[in-house]
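Undergrad: One letter stands for each residue in the lines below.
There are 2 protein chains.
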Amino acid sequence: MQEPKKVPIGVSARHIHLTQEHVEILFGPGAKLTEFKPLSQPKQYAANEMVAVYGPKGSFPKVRILGPARNLTQLEISRTDAFVLGIKAPVRESGNIADTPGVRIVGPAGEVTVNEGVIVAARHIHFHTSDAERWGIQDKQMLRVRIGGERGVVFEKVLARVSDNFALDMHIDTDEGNAAGVTTGEFGEILD
Amino acid sequence: MQEPKKVPIGVSARHIHLTQEHVEILFGPGAKLTEFKPLSQPKQYAANEMVAVYGPKGSFPKVRILGPARNLTQLEISRTDAFVLGIKAPVRESGNIADTPGVRIVGPAGEVTVNEGVIVAARHIHFHTSDAERWGIQDKQMLRVRIGGERGVVFEKVLARVSDNFALDMHIDTDEGNAAGVTTGEFGEILD
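Going line by line, the protein sequences match chains U and Y.
Sequential numbering from 1 applies to the first sequence in my numbering.
Sequential numbering from 1 applies to the second sequence in my numbering.
In case anyone wonders, no lab produced these hints; they're calculated from the structure.
Just so you know, these numbers come straight off a predicted model, no measurement behind them.
Since no wrong hints were added, every one of them can be taken at face value.
Quick list of simulated restraints, FRET-style, between CB atoms: (1) Y/Asn-115 with U/Gln-138: 53 to 63 Å; (2) U/Ser-59 with Y/Glu-116: 28 to 38 Å; (3) Y/Arg-134 with U/Glu-111: 50 to 60 Å; (4) Y/Lys-62 with U/Phe-187: 32 to 42 Å; (5) Y/Thr-184 with U/Gly-58: 13 to 23 Å; (6) Y/Glu-189 with U/Pro-90: 19 to 29 Å; (7) U/Gly-58 with Y/Glu-35: 25 to 35 Å; (8) U/Glu-21 with Y/Leu-72: 48 to 58 Å; (9) U/Glu-21 with Y/Lys-62: 35 to 45 Å; (10) U/Gly-86 with Y/Ser-59: 16 to 26 Å; (11) U/Ala-98 with Y/Gly-149: 13 to 23 Å; (12) Y/Lys-62 with U/Lys-62: 21 to 31 Å.
In the BS3-like style, the derived pairs of lysine-lysine whose C-alpha atoms are separated by at most 30 Å in a straight line are: (13) Y/Lys-88 with Y/Lys-57; (14) U/Lys-157 with Y/Lys-6; (15) Y/Lys-5 with U/Lys-157; (16) U/Lys-88 with Y/Lys-57; (17) U/Lys-37 with U/Lys-62; (18) U/Lys-5 with Y/Lys-157.
Even for Gly, the Cβ is constructed at its ideal location relative to N, Cα and C.
Hey, can you work out the whole structure from these sequences and the hints?
TA: Okay, here's the thing in structure tokens:
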């Protein structure tokens with residue numbers, strides 16, 4: 001019998017990634033993100049800094065920034081959040097923001113309106129290369145993952161992302177976490 | 001090959017059912033619910049009337065009442081809504097509200113605080129008796145239902161409810177609908 005392929009689950013609340021240029025527009029010249037707490041992926045952290053985001057229909061006053069600064073500014077929201085903001089955000093892999101909607105971002109020192117970058121992050125699993133090799137999983141493979149419990153679900157089309165820089169973790173958003181009745185630190189099982 | 005068991009999906013936003021006594025406290029003596037539009041189930045309707053609900057952490061100013069009045073007052077919310085209100089609502093079948101949390105309900109003519117009745121509705125399918133017989137499905141049976149698309153999922157533990165008074169319809173909440181990328185009127189398939 002094969003070893004069950006158990007993966008820890010991380011439920012991602014809405015958050016934003018910023019370029020260093022946008023960090024300085026929003027928080028002032030020379031400003032840098034500062035670490036509030038580490039995330040599951042090496043060198044990634046939740047920053048102390050937060051911004052407000054405004055859509056045509058609604059807004060969120062305190063959206064956590066994840067650091068460090070990146071080469072793209074990207075707001076990741078749930079589909080529930082998308083309805084609140086009035087922004088038709090597509091389901092996308094992180095970084096793939098061509099032809100996505102924009103948003104107005106407001107910080108304590110200034111504001112910036114981006115023309116693209118609002119996505120609903122596609123569910124995915126980060127694998128360290130050694131985990132992927134042990135289980136015979138390829139980068140970009142689509143997997144099915146079962147989460148048990150009273151709201152048991154099987155998530156299909158879970159994207160595998162494999163790198164030496166990753167730690168094993170499945171990322172779903174709050175809609176998916178709530179639909180499955182699961183919270184960060186619980187486990188799912190890769191079916192195939 | 002067997003006929004695929006296709007079921008239309010209805011995504012339920014937060015809503016409330018009220019007793020006639022509570023309708024009159026909230027809307028005034030002798031008040032009756034009035035029909036805004038019919039629902040999928042025979043004789044059920046979304047009412048023109050709305051109420052505000054208040055939890056310890058947050059509130060919703062306009063919650064749709066579903067009519068007609070029932071023998072229990074019951075607020076049905078998503079798990080996302082439960083976090084907003086600050087109410088730990090359990091996943092329950094409609095009507096099974098023993099030991100559930102209460103909520104403060106405010107209408108234009110008065111308010112009422114119930115000691116129980118806040119639930120996250122368990123996903124379920126209404127079958128007319130003839131649909132259930134054709135597909136060999138029993139009342140109270142637990143089913144698995146697949147929803148395809150870019151956010152494909154299989155929902156487990158979908159409760160079958162069979163009655164001559166029901167029309168075929170699968171009810172999921174907004175978290176489940178958003179996690180599956182599905183909206184009312186699309187279809188799922190019963191796997192077993």
